[in-house]
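Chemist: Sequence:
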Amino acid sequence: MARAPNETREKLIKTARELIWRNSYNAVSVDEICASVDVKKGSFYHFFPSKAHLALETMEACTSEMKNKYDDIFSPTRPPLARFEMVVDFLITQQKEAFAELGHVCGCPFMTLGSELAAQDPAIGQKVSEIFKKKISYYESALHDLIRRDEIPNTTDVSLKAEEIFAFIVGQLMTARIKNDLGFIEKEMKRALFDLIGVSKNKNSDLID
1 MARAPNETRE KLIKTARELI WRNSYNAVSV DEICASVDVK KGSFYHFFPS
51 KAHLALETME ACTSEMKNKY DDIFSPTRPP LARFEMVVDF LITQQKEAFA
101 ELGHVCGCPF MTLGSELAAQ DPAIGQKVSE IFKKKISYYE SALHDLIRRD
151 EIPNTTDVSL KAEEIFAFIV GQLMTARIKN DLGFIEKEMK RALFDLIGVS
201 KNKNSDLID
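Mapping of the sequence shown onto our numbering: residues 1 to 209, in sequence order.
None of these hints come from the bench; they were simulated from the model.
C-beta: ideal position from N, C-alpha, C; glycine also.
Don't take each hint at face value.
With a cut-off of at most 30 Å between alpha-carbon atoms, the simulated DSS-like pairs for lysine-lysine come out as follows [said to hold, decoys possible]:
(1) LYS135 to LYS69
(2) LYS161 to LYS135
(3) LYS14 to LYS40
(4) LYS134 to LYS14
(5) LYS14 to LYS161
(6) LYS134 to LYS40
(7) LYS133 to LYS161
(8) LYS96 to LYS41
(9) LYS133 to LYS11
(10) LYS40 to LYS96
(11) LYS41 to LYS134
(12) LYS179 to LYS161
(13) LYS51 to LYS41
(14) LYS161 to LYS69
(15) LYS179 to LYS69
(16) LYS179 to LYS51
(17) LYS133 to LYS51
(18) LYS69 to LYS41
(19) LYS96 to LYS179
(20) LYS161 to LYS51
(21) LYS67 to LYS96
(22) LYS135 to LYS11
(23) LYS161 to LYS187
(24) LYS14 to LYS69
(25) LYS179 to LYS134
(26) LYS40 to LYS69
(27) LYS67 to LYS14
(28) LYS187 to LYS134
(29) LYS41 to LYS14
(30) LYS135 to LYS67
(31) LYS40 to LYS51
(32) LYS40 to LYS187
(33) LYS179 to LYS133
(34) LYS179 to LYS135
DEER-style ranges, computed between Cβ atoms [claimed, not checked]:
(35) SER159 to SER36: 36 to 44 Å
(36) GLU7 to GLU32: 14 to 22 Å
(37) LYS179 to GLN120: 23 to 31 Å
(38) SER159 to ALA82: 21 to 29 Å
(39) GLU164 to GLU186: 15 to 23 Å
(40) LYS96 to ASP31: 28 to 36 Å
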């Protein structure tokens, strides 16, 4: 029985996501994606004009999932420090699950894709930038709440600090991918993140493993 068009399209997106997560964008060919889904190349190009367009659709799907998760983690109903703790726990769990499935640390797929293609394809570079800005906005919101609770100085440059937090998290994920080692992330990332935020470890020991 032939697949419904929407089913084929979704399978292509899902497969591309898995292959890009496992390897990289440039390491994955259209032929490999089609073979994995058992569809002909003509079907691929019926849905996507190019591999870059498929990558964009894949990022759209990932962004939707990320938004749902981050909306929950960074809910204003949670204490702001707990939000940062939870996002680290989420990232650790995500990386450990990928490692168990694929046998290596995957890091941040958006950063990997962006670093490969931002200069080659402006649309992908723009999409990755939008994803990054959205994540930074969550950090900014939590930092503002920390200021309101007098847990960090009201002189804190929230925009700059949120950028620093983002760079720290992405940097640690990329380093873990390069080293193929989650050791620092599992053992020290919360402490290092709280140090970066400017929160005393002793004061907030109940939030740190």
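Chemist: State the violated hints by number, sorted upward, taking the hints as numbered earlier in the document.
Modeler: Of the numbered hints, 5, 6, 8, 10, 11, 18, 20, 26 and 32 do not hold.
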